Amino acid sequence: MRGPSGFRTGRSRLSQFSVPWAPPRPAEHGAVARAVVSLARGVYSFAAPIVSRFPGFLLISAVIVTVILVWLHAMVFAFVDEVILAGADKANVVPTTFQWPSPSTWGLTPTVIHGLIVAGGGLAASLAGLLSYLLWPVQFGIVRDLVGLGAIVGLFNVIPIYLIWWERKVAGRIQSRLGPMRVGGWHGWSQSIADGIKLLLKEDLIPGEADTILFRLAPYLTLIPVILAFVALPFGATYIFRELDVALVFILAMLGVEVVGVILAGWASNNKWSVYGAMREACQMVSYEIPMGMALLVPVVMAGSLSLRHIGDVQAGGWFSWMVFRSPFAFVAFISYYIASLASCKRAPFDLPEAESELVAGFHTEYSGIRWSFFFFAEYAAMFVVCALATILFLGAWHSPFPLSWGDAWGDGWWARGLKGLLLSGPIWFFLKVVFLLYVQIWLRWTLPRIRLDQVLYGCVQVMLPLTMVLVLGATLWTWADLSGGSGWHWFARAWQGILGLIGALFVLGFVVIAMFGFYHRRRLVGNLVVDALPGS
Amino acid sequence: MKILVLFGLLLGHCGATAQAQDTPPAHHRQGVVDAAVPGGTLDALLFYGVGGAAMLSAVGVCVTRNIVRMAVWLFVALGSVATLYFLLAANFLGAIQLIVYAGGTLVLLIFGVMLTSKSPWVRFDTSLLERLAAGVVCLALFVVLCIVLTGTVWSRPQGLVLGTALVDLGRRLLTTYLVPFEVAGVLLMIVMVGAAHLARQEK
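Taken in sequence, the protein lines are chains R and U. Be aware that the first sequence starts at 3, since it is given in the numbering used here, and climbs by one per residue. Be aware that the second sequence starts at 5, since it is given in the numbering used here, and climbs by one per residue.
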């Protein structure tokens with residue numbers, strides 16, 4: 003069905019604008035839709051007063067509850083691993099086979115689990131009766147996989163929503179504006195959620211001359227590879243959905259495949275601006291993939307592995323053992339990887355594929371509604387993946403800047419393990435570092451102007467590519483010397499490690515000092531009007 | 005041992021512990037190794053499903069006339085073959101397949117179409133002679149493949165351990181197969197120089 007302006011509309015009935023003098027139309031919805039609407043209304047009228055009264059408190063407590071929930075799962079999985087599965091292995095208990103229709107005879111029966119928990123002793127033994135039934139499903143890998151999938155999909159949804167909100171807040175502050183302030187009460191914290199609902203309800207538009215099938219397919223081809231990248235991404239030493247021995251190559255492959263969706267979107271739109279955006283994306287991605295991969299080879303050569311978990315574990319032991327400070331080549335490789343990753347995520351100053359001032363909106367000019375939002379979900383999630391790779395490969399992964407040996411004195415009780423996970427290494431540290439790198443990405447976007455396409459390609463082919471080649475060669479020689487060098491070389495390498503570590507510390511210190519300087523002189527730098535009008539600045 | 009097989013087929017690694025430095029329990033690791041050996045029901049279902057998708061999309065590549073849609077079919081075919089590699093525990097091969105073909109070659113293909121096409125929807129038109137020649141070549145390839153497939157004695161990999169395969173591959177590429185590896189590299193280099201020479205503007 004074609005609409006008035008040559009657009010094919012998703013629904014057969016054309017939408018009508020309601021005007022004040024038009025007679026009220028009868029409800030078009032079925033019983034289910036009405037029930038959902040009334041339920042949503044009920045939830046809203048109940049929750050809205052509470053949310054608007056304590057928004058900041060609720061947001062912070064939601065974060066804390068999420069962290070506790072994740073830890074609870076980790077504890078339960080660890081308990082099942084150590085006490086039940088390892089215990090059954092040790093006692094040589096063979097699980098009974100599946101007999102329909104009674105699923106309780108599939109796997110270890112609750113009675114066996116009860117015995118194993120009691121044998122394990124401790125606090126759990128006194129609760130064994132209850133735990134044996136509660137933990138029965140957790141013995142199956144498929145149940146854990148479902149929990150893990152839920153976590154990944156949830157994270158994939160939450161990251162872009164809050165990253166977009168945060169980007170708008172930072173952009174506002176950089177430009178002396180407020181940014182979103184209204185929705186949700188506390189600094190517009192639910193602005194992105196409201197936007198998401200708006201995008202869901204928008205009219206489904208496909209240009210009349212577009213290649214309909216490819217136009218519909220392209221957003222999914224962009225979205226799905228990024229979700230798949232999360233599958234192999236470790237958030238902590240044991241917070242991995244699937245530990246692949248080639249996790250790094252797999253994630254790079256997923257980031258590369260994502261481009262296909264973007265190019266198809268531009269092509270299928272049958273619009274000059276879209277095709278220009280897609281062509282820019284294609285040539286930018288294909289060229290920057292090479293220096294990006296080369297820069298990532300440096301930590302791979304130094305750690306001797308492609309498994310992200312192994313590369314992360316190598317960097318345990320505090321600030322100076324982080325990969326970026328191990329050799330000058332790694333230090334430069336980190337910077338060049340970060341620049342190349344900006345180009346691969348289409349972030350400013352490399353945001354040519356969607357240059358608003360030249361190409362309307364680039365490859366997604368013709369997209370609207372939920373399909374448009376898919377592109378943004380993919381872009382922001384890819385930003386997270388790219389920063390996570392930088393963190394894992396260069397910045398000590400999930401390890402804190404403090405050496406692990408500090409934790410030896412605390413013993414090995416469950417609370418000591420929890421404390422070590424909180425203070426010395428764990429997903430919280432990982433997220434802190436990733437969030438810092440994401441902040442730098444946003445900061446750069448609102449600071450630097452966009453560069454021309456020929457400058458982008460010059461920077462890749464003539465600067466980055468030779469530089470990263472030299473880096474790979476240097477890192478290889480450095481590693482060879484590490485493996486075969488004498489005590490003189492080790493002393494030399496240690497000295498470099500110390501110098502680079504101090505330079506890194508100076509970077510962080512300088513960042514903090516500049517931020518503090520700006521804060522104390524805010525009245526002089528941005529003016530009284532802004533300071534008095536912007537809450538919390 | 006039965007428990008290992010059962011869990012290996014079902015589970016992966018989302019088991020997590022609160023302590024970071026913990027290595028996963030031994031049986032957990034072995035579970036993954038067992039899962040790498042094909043033969044379970046789930047594996048078989050996935051294998052036939054993905055293999056069917058690969059074949060269908062290959063047919064799609066041949067049948068489609070719109071060149072960009074053909075590229076999309078090719079993308080599905082390459083992705084399915086990569087998935088087959090992952091199913092057969094050749095993780096490195098699968099990831100490289102995706103990087104090189106899906107993320108590199110295919111992007112360049114579509115890029116080339118965008119640069120050179122004169123009309124919005126480029127179409128292939130083949131003559132009868134071309135179709136006949138292609139048919140004869142395909143038939144010959146099919147016959148040869150059938151002969152090879154029926155003549156091969158298939159053996160199951162014994163004691164496959166993940167992780168070491170990659171190290172082994174790298175070592176062999178730089179020792180036993182160094183000459184073929186380097187020759188392939190030189191060949192690609194020659195192709196690149198030749199392409200740059202052809203594309204150079206005459207003065």
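To be clear, the hints were calculated from the coordinates, so they are not data collected in a lab. Bear in mind the structure is a predicted one, so any value in this text is a computation, not a measurement. Glycine included, C-beta positions come from ideal geometry on N, C-alpha and C. Where hints are given, some of them may not hold.
[What the hints assert, rightly or not] A few chain R residues that face chain U, going by a derived Cβ cut-off under 7 Å, partial list only:
(1) 183
(2) 246
(3) 247
(4) 255
(5) 258
(6) 259
(7) 265
(8) 284
(9) 288
(10) 292
Q. What are the numbers of the hints the structure violates, in ascending order?
A. Hints 1 and 10 not satisfied by this model.
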